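The listed protein sequences correspond, in order, to chains W and B. Using our numbering, the letters of the first sequence map in sequence onto residues 1 to 269. Using our numbering, the letters of the second sequence map in sequence onto residues 1001 to 1308.
Just so you know, the hints here were simulated from the structure itself, not pulled from any lab data. Nothing here was measured: the structure is a model prediction, and the numbers come from that model. One or more hints might be untrue.
Stretch by stretch, here's where chain W covers chain B in the computed footprint (C-beta under 8 Å, at least three residues) [to be verified]:
1. 1051 to 1057
2. 1100 to 1106
3. 1290 to 1298
Taking lysine-lysine and the DSS-like style, the derived pairs with C-alpha atoms no more than 30 Å apart in a straight line are [what the hints assert, rightly or not]:
4. B:K1138 with W:K8
5. W:K265 with B:K1073
6. W:K8 with W:K265
7. W:K265 with B:K1138
Over 10 Å on every C-beta distance to chain W, these chain B residues come out as not near it, computed from the model [stated by the list, open to error]:
8. R1031
9. A1032
10. I1082
11. A1084
12. V1086
13. E1087
Glycine included, every Cβ here is placed at the ideal spot set by N, Cα and C.
The residues making up each chain are set out below.
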Amino acid sequence: MILVELSKMLRRPRTWATVLLLCALPTLVAIFVAARNIGPRPGEGPAFLSAVLNNGTLYPAAALAIILPIFLPVAVALMAGESIAGEATAGTLRYLLIRPVGRTRLLVAKLVSVVVFVLGSVVIVALVSLLVGVSLLGGQRGSVVSVSGVDLTPTQVVGRMVLTVGYIGVSMIGVAAIALFLSTCTDSTPGAALGALAGLVTSQVLVTLEAASPVGPYLPTRYWLAWIDLFRDPILWRQVERGFALQLVYGAVFLGLAWANFSSKDITS
Amino acid sequence: MSADACVIRTRGLTKRYGHVLAVDGVDLDVRAGDTYGFLGPNGSGKTTVVRMLLGLVFATAGEIEVLGVPVPKRVGEVLPHIGALVEGPSAYGHLSGRRNLSLLDATGHPGPRRTRAERVDAVLDRVGLGGIDSRPVKAYSLGMRQRLGLAAALLSPPTLLILDEPTNGLDPRGIQEVRELLAELNAAGTTVFLSSHLLAEVEATCRRVGIIDRGRLLLEESMDNLRAPTGRILVHTPDVDRAHALLDGRVVERTAERLAVRADDPAALTAQLVGAGLRVTGVAVERRTLEEVVLGVVGAGSDRVDRR
Chain W
1 MILVELSKML RRPRTWATVL LLCALPTLVA IFVAARNIGP RPGEGPAFLS AVLNNGTLYP
61 AAALAIILPI FLPVAVALMA GESIAGEATA GTLRYLLIRP VGRTRLLVAK LVSVVVFVLG
121 SVVIVALVSL LVGVSLLGGQ RGSVVSVSGV DLTPTQVVGR MVLTVGYIGV SMIGVAAIAL
181 FLSTCTDSTP GAALGALAGL VTSQVLVTLE AASPVGPYLP TRYWLAWIDL FRDPILWRQV
241 ERGFALQLVY GAVFLGLAWA NFSSKDITS
Chain B
1001 MSADACVIRT RGLTKRYGHV LAVDGVDLDV RAGDTYGFLG PNGSGKTTVV RMLLGLVFAT
1061 AGEIEVLGVP VPKRVGEVLP HIGALVEGPS AYGHLSGRRN LSLLDATGHP GPRRTRAERV
1121 DAVLDRVGLG GIDSRPVKAY SLGMRQRLGL AAALLSPPTL LILDEPTNGL DPRGIQEVRE
1181 LLAELNAAGT TVFLSSHLLA EVEATCRRVG IIDRGRLLLE ESMDNLRAPT GRILVHTPDV
1241 DRAHALLDGR VVERTAERLA VRADDPAALT AQLVGAGLRV TGVAVERRTL EEVVLGVVGA
1301 GSDRVDRR
């Protein structure tokens, strides 16, 4: 079932259009930066963007910082929001269930394909932006300087990029789980996706709101930028660990809700 | 399974949506080898019953047994033996019909991958889509989609076929083909449960009928019993006056060229008329049509909303 779901996802033109869009934005930014050779001043604009003028190999980090706040969560929310609601709208959900595919199995297969989509698209964005960065901004002109100001060896950079890709993937668990849960509640894909995004926007507003600081540590977007700590020397693990744990909790709670709802629901679509 | 074992058996099946009672105490008995017509106006609860039989919708009260297995508790055991078409066919619009079927074949209880293409081709041939090209399903006509839906239902040879309005969108030839296909499957031992609001459909296909209206099963009867002779014989003759005089006392109805006579034996009646030198153009035993039976027991469909 998991393989069937993956093959369905990979055969969808929409999947590739989304990935293409995710790659397009960082590429566009790279073109502008390279053409005018003006980066944002250090400390302003997306993370790492000022650093890449010295070294194109660091561009994947900048690219991920660009897509992380909006593009990636929107894509993930759409993908996960579509999972069950999309089948319901197409009328194929009832035929899957009477095939029979158990409801739990279907949910797990959908979840796996969302996870594959998140990791796959983050990896693709990283690779494409590496290519774009090196070709437009040049390769190893200067050494890579960590956020703490110490030089990083190329192996260290690769290792930390891999960690970053993993952490950003994990950061999307919360959105994906919320969207998947909403997807079992409604037959409307936009409804489920927008519901999850509404939750994220709320979270992002509250994160910056001083008055909301008591709930701050429990907001799903609170530790999204913690991966920047992976480029410190030595790595600061505290925020990354918290972010990881928080996403797991969100994932467990909302997937549990999704399962409880879906397995007891009347399928009238 | 013995010949008269129940393939579908429900007792007191009830479904309540909020305060709407969609299905109300339905007791169905569908036997092995039946072609069972489940008749009812739009919105009478047919589809809800079908969905409950397949474990898609959970009953508020009552019991269901399909192929001897309690549903929805162990529905996973019986579903592999059921082919179904529920409220119209559906497929992924951006994929071809063939691709849709092989995806379906790979899910649930997948058959061997090696013979997948053969199985798909076989069911496509069966429903008359053997020559289908790689056009996406969204370019299909309604009739083609209906055929594809039937193909999907037949993908793993079912012992029970549950079909909801299977001829919807088909042209007369297509309808004829589907009837022949169902008769063929039934002859090979498949039990057919056909839910429809089309009388002609049920009349042409089914040997037993259940009529549902406003969620209640009004009657469940064999087609032969429903259409038993009414005890009247219709005589067509140009000599109506003389025939009326001859059969006086037994004539219950008279039109310009036709008499309705209370009698049991058409042969004896014909002999009597011809013996008296009357010309007879036709003699027929009167039977109730399914339409008369249905209109006799069913109220207005729920898609009609009268002013109160």
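Hint check:
{"no.": "1", "hint": "1051 to 1057", "verdict": "holds (count 5)"}
{"no.": "2", "hint": "1100 to 1106", "verdict": "holds (count 3)"}
{"no.": "3", "hint": "1290 to 1298", "verdict": "violated (count 0)"}
{"no.": "4", "hint": "B:K1138 with W:K8", "verdict": "holds (16 Å)"}
{"no.": "5", "hint": "W:K265 with B:K1073", "verdict": "holds (14 Å)"}
{"no.": "6", "hint": "W:K8 with W:K265", "verdict": "holds (24 Å)"}
{"no.": "7", "hint": "W:K265 with B:K1138", "verdict": "holds (29 Å)"}
{"no.": "8", "hint": "R1031", "verdict": "holds (22 Å)"}
{"no.": "9", "hint": "A1032", "verdict": "holds (20 Å)"}
{"no.": "10", "hint": "I1082", "verdict": "violated (7 Å)"}
{"no.": "11", "hint": "A1084", "verdict": "violated (6 Å)"}
{"no.": "12", "hint": "V1086", "verdict": "violated (5 Å)"}
{"no.": "13", "hint": "E1087", "verdict": "violated (8 Å)"}
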